[in-house]
Amino acid sequence: MRHELITDAVLVKNYMNGDESALSTLIHRHKQRIYSFIYSKVFDRDITEDIFQDAFIKVIKNLKLGKYNEEGKFLPWVMRISHNLVIDHFRRNNRMPKFDNAGDFNIFSVLGDSSLNAEKQLIKEQVECDLRRLIQELPEDQKEVLIMRMYKDMSFKEISERTNVSINTALGRMRYALINLRKVIDQNNIILTN
Amino acid sequence: MAKLYSECTKKQNERNPKEETVDFLLNYSKALSVISYKNLKFEALQN
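Line by line, the protein sequences give chains A and B.
Numbering of the first sequence is given in full-length UniProt numbering, commencing with residue 1 and proceeding in unit increments.
Numbering of the second sequence is given in full-length UniProt numbering, commencing with residue 1 and proceeding in unit increments.
It should be emphasised that the hints constitute simulated quantities derived from the structure, not laboratory data.
We treat Cβ as the ideally placed atom computed from N, Cα and C, and that holds for glycine.
Heads up, a few of these hints could be off.
[As the list claims (entries may be wrong)] Simulated restraints, written as ranges between beta carbons of each label pair: (1) 113/A - 19/B: 40 to 50 Å; (2) 23/B - 18/A: 39 to 49 Å; (3) 116/A - 33/B: 50 to 60 Å; (4) 83/A - 41/B: 47 to 57 Å.
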């Protein structure tokens, strides 16, 4: 009961000054919320346990190295660390999907390799190269808008500011760029499919 | 018959990390020390 009177900020400060029991209070105070938060994302007791442990290892290291800047936000900080570790966990699992192939069901009947094979990769590169050459044939103003939109991922607002025209003009130039590209592709019977 | 509420329910236990995990963290914290040398900081685990 006495522990509840001490704020997180004070406990963190005490811990950074060498009081190990402060960490125990902090963990016991927040363990349920942090554990529940992780479990609500991963739905697996063992993984939750691992992530909880890793999160606090990071907390301990950062505190001992004096990297934590106390602003009265200890819990949100630990939650953010946990959240990042949950994301890391899902990223890792996406790269190496786990599956249990104990029964008759063959996982490879539903699991395919979505990456392109060597031939399709070559075709893709060829198509992209041809398209770049075709874009060079467009009138300068249309080419400029299309490159900014498709290759530089700029918004039409940014494009209009950069080219000193209205958004509608930029949109119009993009439209005509696409129309002209299609026209050239049709006229020359160019096939741009993979 | 009065119901006893003094014991933790199973559900409550499920939302907490294992006692071993908490113990591990506390022991890890005690074992970890940071050695400062000039502007550098080194971690050292002492068991």
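These are the hints, each one checked on the structure:
For the hinted restraint 40 to 50 Å between residue 113/A and residue 19/B, the CB-CB distance of approximately 44 Å keeps it satisfied. Between residue 23/B and residue 18/A the beta carbon distance is about 20 Å. The supplied range of 39 to 49 Å is therefore violated. For the pair residue 116/A and residue 33/B, the beta carbons lie near 51 Å from each other, so the given range of 50 to 60 Å is met. In this structure, residue 83/A and residue 41/B break the distance hint of 47 to 57 Å, their C-beta atoms being roughly 26 Å apart.
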